[in-house]
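There are 2 protein chains.
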Amino acid sequence: MQYLMIKDAIEEQIESGMLKSGHKLPSERVLAESFSTTRITLREALNHLALSGKVYKEERRGWFVSTDTLSFNPVTDTDFAKVCQKQKWHYAVSSISAQRVLAPKEIAETLQLPPFSYVIMQTKLWTIEGRKAAVQYQYAPEKQFSNIAMIDEDANLTEYLKVHYLCESQKNRVKVEVAPATELESSTLNISSGSMLMSITQTAINNQNISYLLQVLRISHDLVTIEIE
Amino acid sequence: MQYLMIKDAIEEQIESGMLKSGHKLPSERVLAESFSTTRITLREALNHLALSGKVYKEERRGWFVSTDTLSFNPVTDTDFAKVCQKQKWHYAVSSISAQRVLAPKEIAETLQLPPFSYVIMQTKLWTIEGRKAAVQYQYAPEKQFSNIAMIDEDANLTEYLKVHYLCESQKNRVKVEVAPATELESSTLNISSGSMLMSITQTAINNQNISYLLQVLRISHDLVTIEIE
DNA sequence: GAGTGGTCTAGACCACTGT
DNA sequence: CAGTGGTCTAGACCACTCC
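Which chain is which? The protein sequence lines are W and E, in order.
Those letters in the first sequence? Residues 3 to 231, by the working numbering.
Those letters in the second sequence? Residues 3 to 231, by the working numbering.
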């Protein structure tokens with residue numbers, strides 16, 4: 003199995019520090035030639051490395067060495083910005099969209115909304131250490147929050163609900179899965195369509211035991227470790 | 003993108019019920035010919051389908067349609083057998099090995115053991131609905147459990163500790179990640195080396211706040227959904 | 001022994017990125 | 001513009017599974 007030897011060779015270059023976090027690997031053609039093989043075999047090796055989180059790919063830009071992972075506890079951490087801050091990572095958030103929409107089926111079910119309910123939906127892009135890392139979706143039922151439609155695109159919804167409605171989560175219901183990137187996600191994150199993302203869904207529940215906020219973080223799997231204490 | 007069309011076509015056959023859970027797909031060569039393409043392109047399509055958990059592959063045997071997922075709460079569910087029972091799945095456990103070993107570095111750290119500690123290590127294969135589904139590793143520190151070395155290969159370690167040492171978990175520390183299959187795992191589960199597994203690590207903590215059992219479940223990702231309430 | 005997936009070769013053209 | 005990855009073709013041989 004040639005591709006396993008190539009995988010190990012590249013892996014060693016990374017472990018030994020020859021290739022550092024964020025660095026770009028040589029092009030597939032160059033690598034293939036230097037291992038005397040074809041691009042297909044080489045890509046097989048890189049795909050395996052990517053699965054173990056050592057490297058990642060940006061669409062049509064090339065392969066890069068992954069950074070360390072962010073430790074994330076979805077049961078307690080509702081504010082992703084704080085998670086980044088705690089671990090002293092450089093991050094930036096930007097709004098992709100903020101709209102009032104008819105609740106999609108899955109959202110309505112999770113939040114236990116009646117038919118034809120509207121939700122405020124915010125979509126955001128998280129950039130971590132200069133890399134487009136995650137897309138986040140947040141949904142808050144309009145009914146529970148009058149005047150919420152006026153919320154600013156760039157506001158932090160979690161913070162906003164806490165400040166303006168004194169709504170803070172007592173606990174979260176959490177779901178973790180791997181899933182292929184959607185079209186929006188792949189184009190936003192510059193990754194190939196259908197590539198693997200870690201999907202973390204949190205449903206915040208208030209002290210009256212009512213779900214009031216649903217947020218989904220879809221993040222490159224090599225960037226995060228899920229740890230629950 | 004031909005492979006996306008092929009993916010969708012196969013997906014539709016599954017959704018529509020033409021191909022049912024557990025059924026084997028036609029061979030790659032047959033499928034490739036019926037879509038007028040090459041095996042490489044066809045495999046690209048199948049790999050994408052596999053990522054979304056719709057199909058899975060067994061080494062040199064072919065591609066199969068996945069079953070529904072098992073819902074698993076790693077914070078509360080320490081006995082995997084009960085998880086299977088609750089969802090009325092047919093399952094079987096068999097012992098791969100049971101030995102007394104010097105605690106590997108990572109295990110010693112997690113269980114906070116001094117150097118040169120021995121642990122009882124059980125390795126098991128879980129077969130679900132006829133499919134080799136998961137490999138489980140369990141580690142219990144020998145010091146805390148005198149005479150434990152006499153434990154039967156086929157015993158349930160969780161149950162054994164509860165009955166013989168009144169040791170029941172108050173809470174669990176949990177880690178969830180995706181990881182490539184090791185050699186042991188791929189040969190045991192009949193999957194190709196390095197293919198993706200969901201890895202769930204649980205550290206059971208007793209009422210004196212001491213870690214007394216570490217278990218790792220490595221399961222095909224299309225078989226499980228992680229849900230924490 | 002026939003058929004399967006596992007791996008590999010040696011090319012090709014395209015859309016896009018970066019300069 | 002040159003170079004990159006994205007996608008695809010048309011084969012090949014091997015080790016293994018299943019009958």
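Hints are computed from structural coordinates only; laboratory data are not their basis.
Computed from a predicted model, the values in this text were never measured in an experiment.
There may be inaccurate statements among the hints.
You can't tell identical chains apart in this list, so a pair holds if it fits in one copy or across any two.
Here are the simulated lysine to any residue pairs, SDA-like style, with alpha carbons at most 20 Å apart [said to hold, decoys possible]:
#1 177 - 70
#2 90 - 118
#3 177 - 201
#4 177 - 85
#5 177 - 190
#6 56 - 116
#7 177 - 60
#8 107 - 17
Hints and how they fare:
no. : hint      : result
1   : 177 - 70  : between (23 Å within a copy, 16 Å between copies)
2   : 90 - 118  : neither (42 Å within a copy, 35 Å between copies)
3   : 177 - 201 : both (8 Å within a copy, 15 Å between copies)
4   : 177 - 85  : both (18 Å within a copy, 16 Å between copies)
5   : 177 - 190 : neither (23 Å within a copy, 28 Å between copies)
6   : 56 - 116  : neither (45 Å within a copy, 31 Å between copies)
7   : 177 - 60  : neither (27 Å within a copy, 27 Å between copies)
8   : 107 - 17  : between (46 Å within a copy, 18 Å between copies)
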